[in-house]
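> Take a look at the letters that make up each chain.
Protein chains: 2
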Amino acid sequence: MKEHDIPTTGEWLCGEGPESDIVISSRIRLARNIAGFSFLHGASVEERKRINDLLREKIHKAGIVDDPIYYDLESANAIERAYLVERHLISRELAEAQGPRSVAVARDESLSMMINEEDHLRIQVLQSGFRLWEAWQRISEVDDKLAELVDYAFSPQYGYLTACPTNVGTGIRVSVMMHLPALEWTKQLRKVFKAVNKMNLAVRGLYGEGTQASGDFYQVSNQITLGKSEQEIVGTVESVVRQIIHYERKVRQALITDSRGNLEDRVWRAYGMLKNARIISSDETMDLLSSVRMGVNMGLISDVSIDTVNELFVQTQPAHLQKREGREISTADRDAARAQLIRLRLQ
Amino acid sequence: MKEHDIPTTGEWLCGEGPESDIVISSRIRLARNIAGFSFLHGASVEERKRINDLLREKIHKAGIVDDPIYYDLESANAIERAYLVERHLISRELAEAQGPRSVAVARDESLSMMINEEDHLRIQVLQSGFRLWEAWQRISEVDDKLAELVDYAFSPQYGYLTACPTNVGTGIRVSVMMHLPALEWTKQLRKVFKAVNKMNLAVRGLYGEGTQASGDFYQVSNQITLGKSEQEIVGTVESVVRQIIHYERKVRQALITDSRGNLEDRVWRAYGMLKNARIISSDETMDLLSSVRMGVNMGLISDVSIDTVNELFVQTQPAHLQKREGREISTADRDAARAQLIRLRLQ
Chain D
71 MKEHDIPTTG
81 EWLCGEGPES
91 DIVISSRIRL
101 ARNIAGFSFL
111 HGASVEERKR
121 INDLLREKIH
131 KAGIVDDPIY
141 YDLESANAIE
151 RAYLVERHLI
161 SRELAEAQGP
171 RSVAVARDES
181 LSMMINEEDH
191 LRIQVLQSGF
201 RLWEAWQRIS
211 EVDDKLAELV
221 DYAFSPQYGY
231 LTACPTNVGT
241 GIRVSVMMHL
251 PALEWTKQLR
261 KVFKAVNKMN
271 LAVRGLYGEG
281 TQASGDFYQV
291 SNQITLGKSE
301 QEIVGTVESV
311 VRQIIHYERK
321 VRQALITDSR
331 GNLEDRVWRA
341 YGMLKNARII
351 SSDETMDLLS
361 SVRMGVNMGL
371 ISDVSIDTVN
381 ELFVQTQPAH
391 LQKREGREIS
401 TADRDAARAQ
411 LIRLRLQ
Chain A
71 MKEHDIPTTG
81 EWLCGEGPES
91 DIVISSRIRL
101 ARNIAGFSFL
111 HGASVEERKR
121 INDLLREKIH
131 KAGIVDDPIY
141 YDLESANAIE
151 RAYLVERHLI
161 SRELAEAQGP
171 RSVAVARDES
181 LSMMINEEDH
191 LRIQVLQSGF
201 RLWEAWQRIS
211 EVDDKLAELV
221 DYAFSPQYGY
231 LTACPTNVGT
241 GIRVSVMMHL
251 PALEWTKQLR
261 KVFKAVNKMN
271 LAVRGLYGEG
281 TQASGDFYQV
291 SNQITLGKSE
301 QEIVGTVESV
311 VRQIIHYERK
321 VRQALITDSR
331 GNLEDRVWRA
341 YGMLKNARII
351 SSDETMDLLS
361 SVRMGVNMGL
371 ISDVSIDTVN
381 ELFVQTQPAH
391 LQKREGREIS
401 TADRDAARAQ
411 LIRLRLQ
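Line order of the protein sequences matches chains D and A. The first sequence begins at 71 in the working numbering and counts up one residue at a time. The second sequence begins at 71 in the working numbering and counts up one residue at a time.
Some clues are possibly wrong.
Far from chain D by the CB rule (all over 10 Å, computed), these chain A residues [what the hints assert, rightly or not]:
(1) S299
(2) R348
(3) E398
From the derived model, a few chain A residues whose C-beta atoms are all more than 12 Å from chain D [as the list claims (entries may be wrong)]:
(4) G331
(5) A347
(6) L370
(7) I371
(8) A409
(9) R413
Among the chain D residues that face chain A by a calculated CB cut under 10 Å, a handful are [unchecked claim]:
(10) V273
(11) R274
(12) Y341
(13) L344
Hints listed in this document are in silico derivations from the structure and should not be mistaken for laboratory results. Note that CB positions come from ideal geometry on N, CA and C, so glycine has one too.
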């Protein structure tokens, strides 16, 4: 693994972009496979290695980004792999897989290309704020450039062919990570998610499929990839997310009007805990940061910037803490190191 | 009620005196009645008034303290009476009684003389730290001075006669208010109190009989007043309290050795909550202040002085808050006013 300093946050967590009080990031990923190679579940180690080498070479040749960082995940250790997962640069699946596999990452972390995850190639554009169309434009360009050099597995009838049938067609997943504390606190999320599911969209936790929501973060994404154009899919996610934003904002306003005192109490207590705790778990940190984040966005607290809050969301995660310390550390020691880091940042 | 400014804390809460990390205050009270008058449960309003006037005159004449403050409790309003209870200058019983009754209080609040509580006269000496013998010497002097002017109801066979048989004899109650967070946290209090009860001593909460312990404060006092000399009674309480101090201190030391991290976390979180809460109840305040108090005494936190902590214990109580605001305020508004006061003091 090529060493590089830990950036404080990736582009997607810089806290900028439209609607950034509620939308953390906009993400689009495309699943692609190379014609003439087996899908990965049927590929030998040798074939995987050839795919890995081939795609790495093509990515380099396509000149998609200046000086990308390549991480060879077969040789990376567990902390390094978990670190990339925490930064949303690779999936848990890629981290935990076996054999030749890698990822190429743009310096600003807004683009990552996973090789030999479930498909030969997964291209991801991840940007802060609510910018799905911008992300779509960016990823189309990347996809087009690569298509000039790589012969994608494509069927005129079905579209892009993928290892799992749920991705066949466009191979696209459009997802928006939202911070929904007001809907959560007022117990209105279930209702919202029911409506979202009716639109054939899925709601997931912070780290994708099968993960729990923490810190009141939720990802809304499409489930269907076949029979609709990419633009239709982006458009559907866009409009549903816009409605959720509207709803979250309405509830925040109601909270301010009806129970400003309780809201301020919650936000300031969370801030006080973070500033003073000596031992703190990852889950509690997420919950408290969530309260503070909402407080900052609602103008209830100005002692801390959104940048710092966002940075802490990432930096307090287990692998980040261990990378910082330069060694594996126990859960108990992490809880102490986490508390120390938070105090330092909030001083 | 004669107006006077709210002193920050009475002498008994100044946080000084021997063993003041554990012993808040040493208190002795004597129950006395005047010969030739009915006990109060049989006394008419007219008779109560005569007792009240007589004792007030004698107290003045005896010149026990310079310029004492007299509070006429019949004309005092509910907040003023609750305020005196919170400062431990009168009992709840006296506050809630009917008819002519009053209290004379030394300026430093180390001495108070309740007239027409359960007995005609209750003399109380209350001092900070573990100073029972000093308190005993002081109250004896006061008692002797008054005895020169007042004919106490006294039986050569039984001793001082009192309204309730449990006080007959010496009429003395010796009590020590202790702060026992380490024994509480490690769930060893029950064991300690069982041993205390075997010595015929009682354990009570912060405001005496029938009150709950809050903030890990407990009063240890004698139950027997007859058949033993005052010195024997003081001696028994003294020696039992000394053992509890020893035990609490041992447990504090063990906590530091075995779980310093958890202890610091608890203390600092409590401090963080107090510094940041916008709404806080009286009970939660007591609990958090208790943690901070122990932290200061154990050298785990130095951002706040014991004086400030002690002051807050008193000043955050309901009647104190209302007196400060100069009006009756609702529970919800008190919780906000309390949080504000705490933030101000801990700035």
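> None of the hints should be skipped; say for each whether it holds.
A quick look at each hint next to the structure:
no.: 1; hint: S299; verdict: holds, 51 Å
no.: 2; hint: R348; verdict: violated, 4 Å
no.: 3; hint: E398; verdict: holds, 19 Å
no.: 4; hint: G331; verdict: violated, 6 Å
no.: 5; hint: A347; verdict: violated, 6 Å
no.: 6; hint: L370; verdict: violated, 10 Å
no.: 7; hint: I371; verdict: violated, 10 Å
no.: 8; hint: A409; verdict: violated, 7 Å
no.: 9; hint: R413; verdict: violated, 9 Å
no.: 10; hint: V273; verdict: violated, 32 Å
no.: 11; hint: R274; verdict: violated, 32 Å
no.: 12; hint: Y341; verdict: holds, 6 Å
no.: 13; hint: L344; verdict: holds, 8 Å
Violated hints for the displayed structure, listed by number in ascending order: 2, 4, 5, 6, 7, 8, 9, 10, 11.
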